[in-house]
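Novice: This is what each chain is made of:
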Amino acid sequence: MKQISLRFPEEFLEEIDTIAKIEYMDRTALMKKALRKYITMELEEGRLKEIVVRRYLEGKINYGNLEILLGKGDAQAVKASKRIMDKGEELAKKLA
Amino acid sequence: MDTAALISLVHGDILDLVLSQFKIIVSNVIIEELKRVMKFKDPDGRAAKKILSKKDELEIQEVTKNELDKFLSARVDPGEASCIVIAKKRNVKALISDDFKAMAELEYYSKKYNFKVGLCSALIKTLILRKKLKKGEAIKIFERIGNRRNWIGRPIYQYGKERL
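These protein sequences, in sequence, are chains H and A. In this text, residue positions in the first sequence follow this note's numbering: the first is 115, and each later residue adds one. In this text, residue positions in the second sequence follow this note's numbering: the first is 22, and each later residue adds one.
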């Protein structure tokens, strides 16, 4: 596991610690649980997925990131859709 | 052409123009899918109803269950599978689909059986080249289609619009 350092306002940290105490968890476990819940919920709603696709199309994230966030099947679908959109001009010339 | 692509054309308000400019082949499976979609009281349902009202302007090719079974997968539904069967059989100029989730497999089969695959956006670009649409109109059509699509389709159409 990798260690990271985060900065929170003191009041927010107090809130986190109080909830962690009630839930019989440590601070790290609570934050992991909260982040996992956020990622799952946002991915299910599609909002985060759409942002991920936009960032990939803008070249801001690579295919590896896309696959981590969407899973292999959806990542391949996005990559193929982009390729087919890119080839649209060539196809249009043939159809014209 | 698959169900999603036909519905995109209605959302883009260019079904009539496309039908007047291209010979569109659909399968009996697509017609059945449209009949099911038509039951929904939403924009897709209304779009399906409109497409079915133009059924006489489409060429309907019969595809049997046996023919489409081998192309079915978790991402390729009977509608798209029937499009692959037709593209393979009929020497079509292109298989047009807007079902983004199936795109990787459609691309795979297009290479395997040597046919072209495209999104509705390719037809819109063709209409610009044929001078049937102006670029400004095409941009609005991309926006209308994108707004009705899912989390893959929306950004893909946005991406396509920026490159028109």
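Honestly, I wouldn't trust all of these hints.
If we take Cβ atoms under 7 Å as the criterion, some of the chain H residues that face chain A in the derived model are [claimed, not checked]:
{"hint": "1", "residue": "ARG169"}
{"hint": "2", "residue": "ILE182"}
{"hint": "3", "residue": "LEU183"}
{"hint": "4", "residue": "GLN190"}
{"hint": "5", "residue": "ALA206"}
In the BS3-like style, the derived pairs of lysine-lysine whose C-alpha atoms are separated by at most 27 Å in a straight line are [to be verified]:
{"hint": "6", "chain 1": "A", "residue 1": "LYS56", "chain 2": "H", "residue 2": "LYS208"}
{"hint": "7", "chain 1": "A", "residue 1": "LYS70", "chain 2": "H", "residue 2": "LYS201"}
{"hint": "8", "chain 1": "A", "residue 1": "LYS60", "chain 2": "A", "residue 2": "LYS152"}
Derived from the structure by calculation, the hints contain no laboratory data. Built from N, CA and C at the ideal position, the CB exists for glycine as well.
Novice: With 7 Å as the cut and Cβ atoms as the points, is ILE182(H) at the interface with chain A?
Specialist: violated, 17 Å
Novice: Straight-line Cα separation of LYS70(A) and LYS201(H) no greater than 27 Å?
Specialist: violated, 31 Å
Novice: Close enough to count: is the Cβ of LEU183(H) nearer than 7 Å to one in chain A?
Specialist: Hint on LEU183(H): violated, closest Cβ of chain A at ~12 Å, above 7 Å.
Novice: LYS56(A) and LYS208(H): Cα distance at most 27 Å?
Specialist: Not satisfied, since the Cα-Cα distance of roughly 32 Å exceeds 27 Å.
Novice: Using 7 Å as the Cβ threshold, decide whether GLN190(H) counts as touching chain A.
Specialist: Since the shortest Cβ distance to chain A is 4 Å, the answer is holds.
Novice: Next item in the hint list is ALA206(H). Is there a CB on chain A closer than 7 Å to its CB?
Specialist: holds, 4 Å
Novice: Given the hinted pair LYS60(A) and LYS152(A), is their Cα-Cα distance within 27 Å?
Specialist: violated, 36 Å
Novice: So, as I understand it, the hint says ARG169(H) touches chain A; can you test that by seeing if any CB pair is closer than 7 Å?
Specialist: Constraint on ARG169(H) not satisfied, violated at 9 Å.
The earlier numbered hints that this structure contradicts are 1, 2, 3, 6, 7, 8.
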